[in-house]
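Peer 1: In order, the protein sequence lines correspond to chains A and B.
First residue of the first sequence? That's 1 in this note's numbering, and the numbers climb one at a time after it.
First residue of the second sequence? That's 1001 in this note's numbering, and the numbers climb one at a time after it.
It is possible that some hints are incorrect.
Per the computed footprint, the stretches of chain A lying under chain B, defined by three or more beta-carbons under 8 angstroms from a beta-carbon of chain B, are [to be verified]:
#1 62-73
#2 124-134
If you want the ones that stay clear, here's a sample from chain B, every Cβ over 12 angstroms from chain A, calculated [unchecked claim]:
#3 1047
#4 1048
#5 1060
#6 1075
#7 1078
#8 1079
#9 1105
#10 1130
#11 1136
#12 1217
#13 1231
#14 1233
#15 1261
#16 1324
Across the chosen pairs, the derived CB separations fall in these ranges [unchecked claim]:
#17 B:1071 / A:20: 50 to 56 angstroms
#18 B:1229 / A:163: 32 to 38 angstroms
#19 B:1419 / A:41: 45 to 51 angstroms
#20 B:1067 / A:17: 55 to 61 angstroms
Calculated from the structure, these hints are not laboratory results.
We put the CB at the ideal spot given by N, CA and C, even for glycine.
Residue strings, one per chain:
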Amino acid sequence: MSLDYRRYLDETALPLMWCPGCGDGTILKALLEAFASLGLERERVVVVTGIGCWGKADDYIRTNAIHGTHGRALAVATGVKAYRPDLTVVALMGDGDCATIGGNHFIHAARRNIGITAVVSNNLNYGMTGGQFSGTTPAGSKTSTSPYGHAEDGFDLCRLADAAGANFVARTTAYHYRQMVRLIKEALLEPGFAMVEVASPCPTYYGRLNRQGSAREMWRSLKDRARSVGEEGGEARTGVAPGQRPDEEPRSKPADVIVTGVLVRRTRPDFAARYSDVCRRAMKEGGGEAQLDAR
Amino acid sequence: MAQTETKAGRFTARGPKGRPAGRVALTGNEAVALAMRQIEPDVVAAYPITPQTDIVQYFSSFVADGRVATEFVTVESEHSAMSATVGAAAAGARAMTATSANGLALMWEVLYIAAGSRLPIVMPVVNRALSAPINIHCDHSDAMGARDSAWIQLWSEDAQEAYDNVIQAVRIAEHPDVHLPVMVCLDGFIISHALMNLEVLPDEVVKDFVGSYRPDSSLLDPERPITVGPLDLYDFYFEHKRQQAEAMRAAAPVIREVAEDYETVSGRRYGDFDAYRLEDAHTAVVVLGSAAGTARFVVDELRRDGRRVGLLKPRVFRPFPGLELADALAGLDAVAVLDRSDSFSTMGGPLFAETRAALYQRAVGRANRKDSGPSSGSGPGNGRPLPITVNFIYGLGGRDIDPGDMRAVFSRLARVVETGDTGDVVNYLGVRE
Ligand SMILES: Cc1ncc(C[n+]2csc(CCOP(=O)(O)OP(=O)(O)O)c2C)c(N)n1
Ligand code: SF4
Chain A
1 MSLDYRRYLD ETALPLMWCP GCGDGTILKA LLEAFASLGL ERERVVVVTG IGCWGKADDY
61 IRTNAIHGTH GRALAVATGV KAYRPDLTVV ALMGDGDCAT IGGNHFIHAA RRNIGITAVV
121 SNNLNYGMTG GQFSGTTPAG SKTSTSPYGH AEDGFDLCRL ADAAGANFVA RTTAYHYRQM
181 VRLIKEALLE PGFAMVEVAS PCPTYYGRLN RQGSAREMWR SLKDRARSVG EEGGEARTGV
241 APGQRPDEEP RSKPADVIVT GVLVRRTRPD FAARYSDVCR RAMKEGGGEA QLDAR
Chain B
1001 MAQTETKAGR FTARGPKGRP AGRVALTGNE AVALAMRQIE PDVVAAYPIT PQTDIVQYFS
1061 SFVADGRVAT EFVTVESEHS AMSATVGAAA AGARAMTATS ANGLALMWEV LYIAAGSRLP
1121 IVMPVVNRAL SAPINIHCDH SDAMGARDSA WIQLWSEDAQ EAYDNVIQAV RIAEHPDVHL
1181 PVMVCLDGFI ISHALMNLEV LPDEVVKDFV GSYRPDSSLL DPERPITVGP LDLYDFYFEH
1241 KRQQAEAMRA AAPVIREVAE DYETVSGRRY GDFDAYRLED AHTAVVVLGS AAGTARFVVD
1301 ELRRDGRRVG LLKPRVFRPF PGLELADALA GLDAVAVLDR SDSFSTMGGP LFAETRAALY
1361 QRAVGRANRK DSGPSSGSGP GNGRPLPITV NFIYGLGGRD IDPGDMRAVF SRLARVVETG
1421 DTGDVVNYLG VRE
């Protein structure tokens, strides 16, 4: 079996549609590299996307894929996983998909602890439709729908996933390629719900409107602001999002520190295990197949 | 937002005395945003989706620049956008939103709440194909999917008509005999993003035309508290639906009245449909939206060759002006109805189904007295066989329709008339088979 990520890449679809300096190309490569290093069979992987710049990733991936609707990737992935718990099901979502129009599915997938790996490209805005604010946009940020500064706070996706009960919650940035591959690999091996949030630059909209400099400067800033959990500066602020912490005073720029690494690891049994348990009990207590037939 | 601000500068054309009015080059989305600025609704709630996004984006810059006093809220989905619009309208506000395609589909549940609660919301719909597979270009599957939701539907051929329709829509929706929401449809990209020279009205003329909105009852009237949309079972639900049907019927004359008033302020005349070179035509095309422009061009061309062809372009699709439309088509030999969406009934697209039903109803005359009115069973074409009708489904997902396609449709009609052989009734135009 080749360990080459190119096996999973549809090279006929190149070049990538993403803007120069966008984080999504790097996240794509990290995802495929994680597939490759786990030796996943393409036929046994189902990628479900939302709609957005990151949601276009399935164009380049040679596994089974469903291009879903905006916000519903996790709902669709839930159906796939419920029917085929044996497959590796991956949901690719932007922050709009995951935390805004589809936020409800996100908390319920985490609560249900269903074995889906969510890889979220969090660029703090809706890239695809022209840089409007999303559910993770920090207060004060300029976006095309908040030209004088955003009046709301953004979600911390990791805290949200944690609070809702996800088994595995991790954060990295598009800059931290090796960490990203490692975290996605771990997430793929997690039987329950796993979420990897990737802080990703959108130089075209968020970066430009917030005067974050060139794409290069945005990437450098990701490098500089990241602290791994446990590292000095990371420990005390576990959970700090690339966006705004809700308990902080509103301020006009994204949090200085991006805490990266595995933030949550639980061993709750996953949905498939618990559901088959319930089924077994129902069969035993309720008279088994005869009762199912009677329905 | 420098880019939008400079663009927004174009929204104010200065007339001779410095009064904003006159001819300006605007895209369809800019024209709609301008109409919204002039209407200055109390509340706009929105969520972005291509190709509608610009409308709301421009509007947000008017809000940010203090050019309108509208409460503007960008929510987390279209379902929420329509819900917030419903909430605002129920509270007595003049409320608007705008959407496209899957955004409209996601609103579906709340579309019915808006209409059933008789809330006069106005919503531009920038028509785009519904997923799957995903496509961002024009077809009419989005609005056609909502055709039975009791929303009035006005359709636009170009940016001018879109602008004019949005302004008229406010008066239609809020008319006490109507009180129904109105969708103003314009073709995605073809109209929304193409630049057109159009006539716009001075702000105060529009403000005067739409007037202020004073609902009979609203949530925020402490003297007369009301509940909107409570449980309504077999005791009254049916009556409420019957009233909605009656309101839709009442909308027809109101739409005409408003158009007449609008003509006095704008000089532009709008009917339920536009009958173009139809009086002495033998064959004609019926088509909604921007493709009517292509049809008009080909009709002129064929007329120069002495062919007696015409065009009928509906502007009002809900309520469907069936009998008037049937009267206009009755004298023809053959008619091709062009649909930019498929109903997948295997019986043709939605415009075709309704046009054919209207022709049939006219032919059987007194089938429904109240519906049929004075023209039923008389007038041109009475006693003659109905025109042969064929359907062409075209342009799905933004597939271009060009004059060549339109000529092919007219040639097919000529053949049908010549041979008397209809051939396939439902046809697909410009598709690989
Ligand atoms: C129901 C619905 N509403 C709106 C849209 C338009 N739309 C497409 S992508 C998108 C936002 C994408 O933002 P995000 O999920 O953050 O992904 P990004 O583009 O930033 O990667 C929107 C609003 C849609 N496709 N469907
Ligand atoms: S708009 Fe932003 S998120 Fe989309 S491809 Fe460009 S840089 Fe990436």
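Peer 1: Can we trust that residue 1217 of chain B is non-interface, i.e. its beta-carbon lies farther than 12 angstroms from all of chain A?
Peer 2: holds, 32 angstroms
Peer 1: Checking a non-interface call: every C-beta of chain A should be farther than 12 angstroms from the C-beta of residue 1233 of chain B. Is that right?
Peer 2: Non-interface label stands for residue 1233 of chain B: nearest chain A Cβ at 29 angstroms, farther than 12 angstroms.
Peer 1: With a C-beta cutoff of 8 angstroms, work out whether three or more residues of the region 124-134 of chain A approach chain B closely enough for the coverage to hold.
Peer 2: holds (count 6)
Peer 1: Taking the closest pair, is the beta carbon of residue 1105 of chain B still more than 12 angstroms from chain A?
Peer 2: Residue 1105 of chain B not clear of chain A: closest Cβ-Cβ about 9 angstroms, inside 12 angstroms.
Peer 1: Holds or violated: 45 to 51 angstroms for the Cβ distance of residue 1419 of chain B and residue 41 of chain A?
Peer 2: Hint violated: Cβ distance 59 angstroms, outside 45 to 51 angstroms.
Peer 1: Against chain A, does residue 1231 of chain B keep a CB gap of more than 12 angstroms to every residue?
Peer 2: holds, 25 angstroms
Peer 1: Determine whether the non-interface label on residue 1130 of chain B survives the test: each CB of chain A must be over 12 angstroms from its CB.
Peer 2: Nearest chain A Cβ is 10 angstroms from residue 1130 of chain B, so the label is violated.
Peer 1: Hint says 55 to 61 angstroms; check whether the CB-CB distance for residue 1067 of chain B and residue 17 of chain A agrees.
Peer 2: For residue 17 of chain A against residue 1067 of chain B, whose Cβ atoms are near 36 angstroms apart, the range 55 to 61 angstroms is violated.
Peer 1: Taking the minimum C-beta separation from residue 1078 of chain B to chain A, is that value above 12 angstroms?
Peer 2: violated, 8 angstroms
Peer 1: Minimum C-beta separation from residue 1261 of chain B to chain A exceeding 12 angstroms: can you confirm that?
Peer 2: holds, 35 angstroms
Peer 1: Is the nearest CB of chain A more than 12 angstroms from the CB of residue 1324 of chain B?
Peer 2: holds, 39 angstroms
Peer 1: Starting from the range 32 to 38 angstroms, see whether the pair residue 1229 of chain B and residue 163 of chain A falls in it by beta-carbon distance.
Peer 2: holds, 33 angstroms
When the structure is compared with the earlier hints, violations turn up for hints 3, 4, 5, 6, 7, 8, 9, 10, 11, 17, 19, 20 and for no others.
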